[in-house]
Amino acid sequence: DGGITQSPKYLFRKEGQNVTLSCEQNLNHDAMYWYRQDPGQGLRLIYYSQIVNDFQKGDIAEGYSVSREKKESFPLTVTSAQKNPTAFYLCASSNREIGNEQFFGPGTRLTVL
Amino acid sequence: DAKTTQPPSMDCAEGRAANLPCNHSTISGNEYVYWYRQIHSQGPQYIIHGLKNNETNEMASLIITEDRKSSTLILPHATLRDTAVYYCIVGYTGANSKLTFGKGITLSVRP
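So the protein lines, in turn, are chains A and B. Just so we're aligned: 27 in the working numbering is position 45 of the first sequence, and the numbers increase by one with no gaps anywhere. Just so we're aligned: 61 in the working numbering is position 45 of the second sequence, and the numbers increase by one with no gaps anywhere.
These are computed hints drawn from the structure, not numbers from a lab. Careful: at least some of the hints might be erroneous.
Each computed DSSO-like pair below joins lysine-lysine, with the alpha-carbon atoms no more than 27 Å apart [claimed, not checked]:
hint: 1; chain 1: A; residue 1: K65; chain 2: B; residue 2: K114
hint: 2; chain 1: A; residue 1: K(-9); chain 2: B; residue 2: K119
hint: 3; chain 1: B; residue 1: K19; chain 2: A; residue 2: K39
hint: 4; chain 1: B; residue 1: K114; chain 2: A; residue 2: K(-9)
Here's a subset of chain B near chain A, in silico, CB distances under 8 Å, partners left out [claimed, not checked]:
hint: 5; residue: Q58
hint: 6; residue: L67
hint: 7; residue: G120
We treat Cβ as the ideally placed atom computed from N, Cα and C, and that holds for glycine.
Make a model of the complete structure from these sequences and hints.
What follows is the structure, given as structure tokens:
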């Protein structure tokens, strides 16, 4: 089955700890994205990567970091500098050709206690 | 800045067509119109997209006005499972491009 996997589905961390969220895709897509969603709100773009070893900041990158060492993987680290990290985090991927749609993973719900 | 305007909510009866409107008056010539939906606590699901022409697939139809300033997503026979938040987005994926998701419209399908 082709698709995007995010693990874990639920994650709990203590305040002040860094945490890394996993995102893996086997769709052979070049582009990958990380979004954050707060209750009752739309999605906000954190970081995106169009190709391996390259990524750009989205609209709310402060307090987050990413890496793109492999085409299939785009992990997101929520650092202790992120002031309000509790949220629903969504990963997506797409082909780089103009017009192609994004495919989303099931999401990770992070709760910082 | 929001590129699209959608009403916050609407409802329709099961089995009837659901027509979801979207205004995108500042759309540029090479931007697509995308529709996604999100069922509670799940990742968004791609529905359909188009550039200028109307589009239809197994899930829905997309009607884009000739001036491209607005569009309508049509679910021809709504079911209870179609209850979700529907996002209308303009933009394009490709090198250094991204999509901006607003709050969407909440569609409630009633029995």
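Status of each hint after checking the structure:
For a cut-off of 27 Å, the pair hint linking A:K65 to B:K114 stands: about 25 Å separates their Cα positions. With a CA separation close to 23 Å, the supplied pair A:K(-9) and B:K119 stays within the 27 Å bound. Between B:K19 and A:K39 the alpha-carbon distance is near 20 Å, which keeps this suggested pair within the 27 Å criterion. With a C-alpha separation of about 25 Å, the suggested pair B:K114 and A:K(-9) falls inside the 27 Å cut-off, and the hint holds.
The closest approach between the C-beta of B:Q58 and any C-beta of chain A is roughly 6 Å, which is under the 8 Å cut-off, so the hint is satisfied. With 8 Å as the threshold, the beta carbon of B:L67 comes within range of chain A, its nearest partner Cβ sitting at about 7 Å, so the hint holds. For the restraint placing B:G120 at the interface with chain A, the shortest Cβ-Cβ distance is roughly 6 Å, inside the 8 Å limit, so the hint holds.
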